[in-house]
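Undergrad: Below are the chains, spelled out letter by letter.
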Amino acid sequence: MNEDWIAAIAAAEVPEDDVTAVQVAGHDIAFYKTEGQYYATDNICTHGQARLCDGFLYGHEIECPLHQGRFDIRDGRPLCAPASAPIKAYAVKVENGQVLVNLS
Amino acid sequence: MSQPLDGPCTEHRWSGEGTSRTPFWAYTDDNLYRRELERFFYSGHWNYVGLEAEIPQPGDFKRTTIGERSVILVRAEDNEIHVVENVCAHRGVQFCRERYGNRKDFTCPYHQWNYDLKGNLLGVPFRRGVKQNGRINGGMPADFDPKDHGLNRLAVATRNGVVFASFDHDVEPLEDYLGPDILGYFDRVFDGRKLTILGYNRQRIPGNWKLMQENIKDPYHPGLLHTWFVTFGLWRADNQAELKMDAHFRHAAMISTRGSGGKGAVTAGVSSFKEQMSLHDDRLLDVVQEPWWRGPTAVMLTLFPSVIIQQQVNSVSTRHIQPSGPDSFDFVWTHFGFEEDSAEMTRRRLRQSNLFGPGGFVSADDGEVIEFSQEGFRQKPEHRTIAELGGRSVENTDHMVTETLIRGMYAYWRKVMEQ
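Chains as they are written, first to last, in the numbering used here: chain A, 70 to 173; chain B, 16 to 434.
It should be emphasised that the hints constitute simulated quantities derived from the structure, not laboratory data. Being a predicted model, the structure only gives us computed values, none of them experimental. Quick reminder that beta carbons are idealized off the backbone N, C-alpha and C, glycines included. Heads up, some of the hints might be wrong.
[What the hints assert, rightly or not] Below, a list of computed lysine to any residue pairs in the SDA-like style, where the Cα atoms sit at most 25 Å apart:
| # | chain 1 | residue 1 | chain 2 | residue 2 |
| --- | --- | --- | --- | --- |
| 1 | A | Lys157 | B | Lys162 |
| 2 | B | Lys162 | A | Ala76 |
| 3 | B | Lys162 | A | Ser153 |
[Stated by the list, open to error] Far from chain B, by Cβ distances over 10 Å, these chain A residues were calculated:
| # | residue |
| --- | --- |
| 4 | Ala81 |
| 5 | Glu82 |
| 6 | Gly124 |
| 7 | Pro151 |
| 8 | Leu169 |
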């Protein structure tokens, strides 16, 4: 299990109440920080294939920049049309100033 | 120059009462045609858009037209049927290009404005602007509300599997629009049985759209133009028949019961009637009486302005008139059957649809003469037709030797167009 954790991004590079994205083991992953907590999801919207890191974070809701579909960043579930299929949400933890993500 | 009917220029005034003589310019004048679109296709009337069986699943859609306007008939997730105008709220793009398909939502290809299946605008790209180096550039104004920018939604009426729509949300209920007599013949075909779609054929006819309505309100020509009909006994002028209209005379039913065919007084003078002619393969005329006919072997319903519901023995179809200018229309045939049909009956309906389809023994003739009519009208627009068979008045009849239904349609046409 332990080897599934991958150091993805420096914790300081994840903006407060916002989103950024990096490549992790070939996957496009979005990282969020809100109310002091870190979250990670797939970065590509399941509706129009836009990058969620270009979108806007409202609390725990990421809004796609293309068609304003929203997902809950805690579990990836779609919250409003046109989003209907969930994105994947991943476990994260912070160690030694690094955000680690578990893609398994 | 040609301000029709009631403009300051009186060049095109239909002089006198009555409708037994239609001026040729009624088929050729472009301004008049524009007014017809406004008054018959875009307000005050129900227009056919399709059959529910064409869009059986949630997300199924069909692109079609009302007048010259492109619309989409679509079944939403909740199975409700909607008709929306195929024009993006943003820059006016006719975004839907496929004739049929299945979608979760609609997206315009130009700027990806995205709509749900009921026509609500869901999202627009970069509505909140674009992030760049800690700034947010552009975006729609803060007061931009997607709720104000959905697709234009039409009024929809469905009856026993047939869908009509109207741009006019104040239009009377469909049942009142058709009237009790015509509704009765409508329900004879569409009595709630599930329909199955057998296929389509489409043709572009270079003539005025009204000529197609007239053609199916005209029992004078079938025995004369369509010699095939006469030869093989599907239609004769001495068939037992009734002609009925709604109270406005805009819709009509031409109801007939075929005789035994062959030689008789009515065909004796028709030059191309060939007594000795027989079909090499007579499966085309393997007619089987069906209980729902309740007698008549052919009922042709003209529902003004844009559809014909046809039952010719075992062949049933809708024929959709889609005008494109004063001198052209597309004519789309949807051949259907019923879910309860046996495989044998389905094959029979398909075979008999050849009477009317592209292998046509009958309807190809109509397309030709409509083109020839239009050519005559174009040549001398100040001249007029004569529709005086059976007299000059408008009334229901119990025979077919009359042009009363054409006079009836023009009585309604004049009432609406001369307002």
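Undergrad: Now tell me, hint by hint, if it's right for this structure.
TA: Structure-based check of each hint:
1. Simply put, Lys157 (chain A) and Lys162 (chain B) have alpha-carbon atoms about 30 Å apart, too far for the 25 Å limit, and the pair is violated.
2. For the suggested pair Lys162 (chain B) and Ala76 (chain A), the alpha carbons sit about 43 Å apart, so the restraint of at most 25 Å is broken.
3. A hinted pair counts as satisfied when its Cα atoms are at most 25 Å apart, and Lys162 (chain B) with Ser153 (chain A) qualifies at roughly 20 Å.
4. With a minimum CB-CB distance of about 15 Å to chain B, Ala81 (chain A) clears the 10 Å threshold, and the non-interface call stands.
5. Distance check on Glu82 (chain A): its Cβ is at least 13 Å (rounded) from any Cβ of chain B, clearing the 10 Å threshold; non-interface status holds.
6. Its beta-carbon lying about 8 Å from the closest one in chain B, Gly124 (chain A) breaks the requirement of being farther than 10 Å from that chain.
7. With a closest Cβ-Cβ approach of about 5 Å to chain B, Pro151 (chain A) is found to fall inside the 10 Å limit, against its non-interface label.
8. Chain B leaves Leu169 (chain A) outside its interface by the beta-carbon criterion, the shortest separation being 26 Å against a cut-off of 10 Å.
Hint check: violations occur at hints 1, 2, 6 and 7; the rest are consistent with the structure.
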